[in-house]
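Trainee: Fit chain C to the supplied structure of chain U, relying on the hints for placement.
For reference, the chains in residue letters:
Protein chains: 2
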Amino acid sequence: MPYELHYWPTIQGRGEFVRLALEAAGVPYVDVARGDAKAMQHYLRDDAVQRPPFAPPFLVDGKRVIGQSAAILLYLGPRLGLVGKAEADQVWTHQIQLTLADLVTEVHDSHHPVASSLYYEGQKPEAKRRAQDLLKNRVPKFLAWFEAILQRNPRNAGRAVPHLVGGKLSYADLSLFQLVEGLRYAFPKAAARASKKAPLVLALHAGVQRNRRIAAYLASERRIPFNEQGIFRRYPELDG
Amino acid sequence: MPYELHYWPTIQGRGEFVRLALEAAGVPYVDVARGDAKAMQHYLRDDAVQRPPFAPPFLVDGKRVIGQSAAILLYLGPRLGLVGKAEADQVWTHQIQLTLADLVTEVHDSHHPVASSLYYEGQKPEAKRRAQDLLKNRVPKFLAWFEAILQRNPRNAGRAVPHLVGGKLSYADLSLFQLVEGLRYAFPKAAARASKKAPLVLALHAGVQRNRRIAAYLASERRIPFNEQGIFRRYPELDG
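Residue numbers (my numbering), protein chains in the order written: chain U, 194 to 433; chain C, 194 to 433.
Excised from the complex, chain U in its bound form (with noise of 0.2 Å):
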């Protein structure tokens, strides 16, 4: 059975990092919103699913239903030979994963400062605020991190295309490709300024886009453009 992955049809979100993953270990999946928008209901509303999920994405592999995108690379990882095999590995790929989470929970609430039941016109000076102080602040230490990271990692040196873990690509590269992804297309200006501090973060970016398999998958309908109903929204009054 291939697996099955249960997200919103119409936006990138949170989706987006596991479905780089599975695009990038080139195994069948099946995008299911995308045929049958019911079928998620189940599992998020039927009394006999006895480990539901929060809320999508979830992956359905067999009878295992694992939502937060972040536990669902944890699953993937190995499956895929997306992360390596000791321990140690495992643990400080999926600690990049959480603080890259982080990050895009902050990028969501630059436009839902006040509340995600409510639509961004009902929250723009709270956004304007919030947007300022993301990226001045927030961005730039994101980044400024990621940076540090892959300039210790003593298996880049001399590379021109560097990895977040070790020497091969993992689940944390693909999802940091799509964090400047979605930073170049909600706040070009202010992405671009940050990036010039972070060149190795960009080497790793232009890396997972020269991927064969992930640049197939970008060139596809299968990769959904980036819109104003995901979490990277390209609203010019936010970007500083």
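Derived by calculation from the structure, the hints in this document are not laboratory data. Among the clues, some could well be false.
Note: identical chains are not told apart, hence a pair may lie in one copy or across any two.
To be verified - Cut-off 20 Å, straight-line C-alpha distance, at most; resulting in silico cross-link-like pairs (SDA-like, lysine to any residue):
id	residue 1	residue 2
1	LYS390	ARG238
2	LYS256	ARG348
3	LYS390	ARG377
4	LYS321	SER309
5	LYS278	ARG257
6	LYS382	GLN344
7	LYS390	ILE204
8	LYS334	GLY351
9	LYS329	SER388
10	LYS329	LEU411
11	LYS317	GLN422
12	LYS321	ALA308
13	LYS361	GLU340
14	LYS382	HIS301
15	LYS231	PRO249
16	LYS334	THR298
17	LYS278	GLN243
18	LYS321	LEU311
19	LYS389	VAL354
20	LYS317	PRO271
21	LYS334	GLN234
22	LYS321	SER310
23	LYS256	ALA281
24	LYS382	ARG322
Mentor: Structure of chain C alone, referenced to chain U:
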């Protein structure tokens, strides 16, 4: 060598989820910053640390340095006997922990919806709007999910003290205890209202509170009292 926990010495914060696990297991550990406030800085700032955490809390176990509270619990869980042995149980426990951590972030942001770097006093109107949504929509939704998974855990049938996963105490149970403690401290009115629909969550909370080691910990000076520098803050104007 005992485990070293590095976290801010004056608040419970995210470090508390780790403290509770160490305390429940009865293993020796050092809460480093309460004796030596500078030791933390080495791991955060020194270029010689190959895998630095982004922020506290972090655990030092010999040569390993592990950040992100959920990743620390993922690592400690099997070592402390606070998670099942089956992979499915370990991933499910972690998924619960990550979902709980999402709510913890939302609680934090209810008093800091604009920026962590600003004082609460500089974002009070925004905090009021966000807290309203948190207490009306988000806390009830999360508590309903915890209640549902407690109901659906077949091992809880006929037991006075339910568990989130299987029939044994896990680190997720300890974290849910702490979440209830925090909500009661920060929002006594809203927490009382919301708990009425979550009797199993309350029974779990009461069970953890009676755990011999946890009871001893809570009565000791090692338990830092809640205060208005932590995640759960009592600002009566936010308790709608």
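Trainee: 20 Å Cα cut-off: does LYS382 pair with GLN344 within a copy, between copies, both or neither?
Mentor: neither (25 Å within a copy, 50 Å between copies)
Trainee: At 20 Å max between alpha carbons, let me know whether LYS334 reaches GLY351 within a copy, between copies, both or neither.
Mentor: neither (25 Å within a copy, 50 Å between copies)
Trainee: Classify it for me, LYS256 with ARG348: is the Cα-Cα distance of at most 20 Å met within a copy, between copies, both or neither?
Mentor: between (38 Å within a copy, 19 Å between copies)
Trainee: How would you label the pair LYS321, SER310 (within, between, both, or neither) given a Cα cut-off of 20 Å?
Mentor: both (18 Å within a copy, 15 Å between copies)
Trainee: Is it within, between, both, or neither for LYS231 and PRO249, if the alpha carbons may be no more than 20 Å apart?
Mentor: within (13 Å within a copy, 41 Å between copies)
Trainee: Is it within, between, both or neither when you check LYS390 against ARG238 at 20 Å Cα-Cα?
Mentor: between (46 Å within a copy, 17 Å between copies)
Trainee: Cα distance capped at 20 Å. Does LYS389 pair with VAL354 within a copy, between copies, both, or neither?
Mentor: within (17 Å within a copy, 55 Å between copies)
Trainee: For LYS321 vs SER309, is the C-alpha pair at or below 20 Å within one copy, between two copies, both, or neither?
Mentor: For LYS321 and SER309, the Cα distance is within 20 Å both inside one copy (16 Å) and across copies (15 Å).
Trainee: Under a CA distance limit of 20 Å, which applies to LYS317 and GLN422: within one copy, between copies, both, or neither?
Mentor: Answer is within; shortest intra-copy Cα gap is 15 Å, inter-copy 28 Å.
Trainee: Within a copy, between copies, both or neither: which one fits LYS382 and ARG322 at a CA-CA cutoff of 20 Å?
Mentor: Cα proximity of LYS382 and ARG322: one copy only (17 Å, versus 30 Å across).
Trainee: One pair to classify: LYS361 and GLU340, alpha carbons no more than 20 Å apart. Within, between, both, or neither?
Mentor: The answer is within: 17 Å in one copy meets 20 Å, while 42 Å across copies does not.
Trainee: With 20 Å as the alpha-carbon cut-off, assign the pair LYS256 and ALA281 to within, between, both or neither.
Mentor: Between copies, since 10 Å is at most 20 Å while 29 Å is not.
Hints 6, 7, 8, 10, 20, counting from the list given before, are not met by this structure.
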